[in-house]
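Undergrad: Below, each chain spelled out in residue letters.
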Amino acid sequence: MLLRGLTWLVVFQLLGTALNVLFLHLLPGPIIGLVLLLGYLIWQGEVNEPISVASSSLLRYLPLLLVPAAVGVMVYAKAIAADFWAVGGSLVLSVLLSMLFAGWMMQKLIDRQQRKREKADV
Amino acid sequence: MFDFAGAWQALIHHPLFGVGVTLGAYQLAVAAYEKTRWFFLQPVLVSMLAVIGVLVACGLSYDEYKQSATALTIFLGPATVALAVPLFLNLKRIRQLFWPTLLTLLIGGVVATGMGVLLAWWFGADHMMLMSMAPKSVTSPIAMLVADQIGGIAALAAVFVLITGVIGAILGPELLRRIGVHHPAAQGLALGMTAHAVGTSRALQEGEECGAFAALAMSLMGVCTAVALPLVVALFT
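In order, the protein sequence lines correspond to chains H and X. The numbering of the first sequence is the working numbering, which starts it at 6 and goes up by one. The numbering of the second sequence is the working numbering, which starts it at 99 and goes up by one.
Among these hints, one or two may not hold up.
Claimed, not checked - Mimicking DSS-like on lysine-lysine, the simulated pairs with C-alpha atoms at most 27 Å apart in a straight line are:
#	chain 1	residue 1	chain 2	residue 2
1	X	Lys164	H	Lys121
2	H	Lys113	H	Lys124
3	X	Lys190	H	Lys83
4	X	Lys190	H	Lys113
Just so you know, the hints here were simulated from the structure itself, not pulled from any lab data.
The task is simple: from the sequences and hints, build the whole structure.
TA: Shown next as structure tokens:
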């Protein structure tokens, strides 16, 4: 099961890579693979067992797979130190402001949708 | 006599050394996180620091480590493809709030990405830093891929993503409640969109609906960023 699902995922990623080289240079191969798989799932209407098993196993260990790339930060310690306050300040400010904005907007839209529904019911 | 120095060198330069160190560090980090449940003890962050410690102590370069850790990183591609599954499962759940979700994701996503870059530019960060910061609101595999594509550095993007997620998850829910955002779908969406996986795990603690919307927002935001950001950058530079 796991191996069959994994094979599917690899096939979609390789298809994505081929398409990336052929037409879509701007999008990374794995992202094209993701969109292809999503299209396939929508077409099928459900997630079959092998793909479900493989994807949940892989995604469970996603943080582990990211560690080697994160370690690369040791090479850029100097660059980070140079821009430390600019980067830190803008990260903190932008995450808080954009989160509040998104929450506020969603809340307003939900309220409006509910008011409209109530009116429609009356 | 025994050649201890030779054995040590053979050990630390073996192609499996990097894999072993990473696996060990990750399990320790996960154990520490599960024991304490502290938000800032994110497994990726803690294992990153542990691995860097070991590499520095053994005098190994990042290039050598990267080479030996390929056995792990090669699976990042299929894992990114696998993100389609939670995305698909979540898409089925949001029928009711389709338009509010879509509008918030589109406008909020532009605000989240644009504001980070604009602020950092205004504070005087250089181009490479800006491009590594742009995908900060999305989950790390996508952020790292995108940063790499648009002229940033994947490792830096990973760190920025992590900082963003941890700050958002720690301060987010309380601040959202203060400004009157009380619908679980709105809280979840805001958390998942801006603080990706860390925000989503925080949202899951708030409740099922909150968690589901966070997961949905995280995956949609990830895909949209992956598709749109490289295009936008290519058009403007």
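Undergrad: Each hint should be assessed against the structure and marked as holding or not.
TA: Verification of the supplied hints:
At roughly 56 Å between alpha-carbon atoms, Lys164 of chain X and Lys121 of chain H are farther apart than 27 Å, so this suggested pair is violated. A C-alpha spacing of about 17 Å is found between Lys113 of chain H and Lys124 of chain H, which places the hinted pair at or below 27 Å, so the restraint holds. With a CA separation close to 46 Å, the supplied pair Lys190 of chain X and Lys83 of chain H exceeds the 27 Å bound. Distance check on the hinted pair: Lys190 of chain X and Lys113 of chain H sit about 23 Å apart at the alpha-carbon level, within 27 Å; holds.
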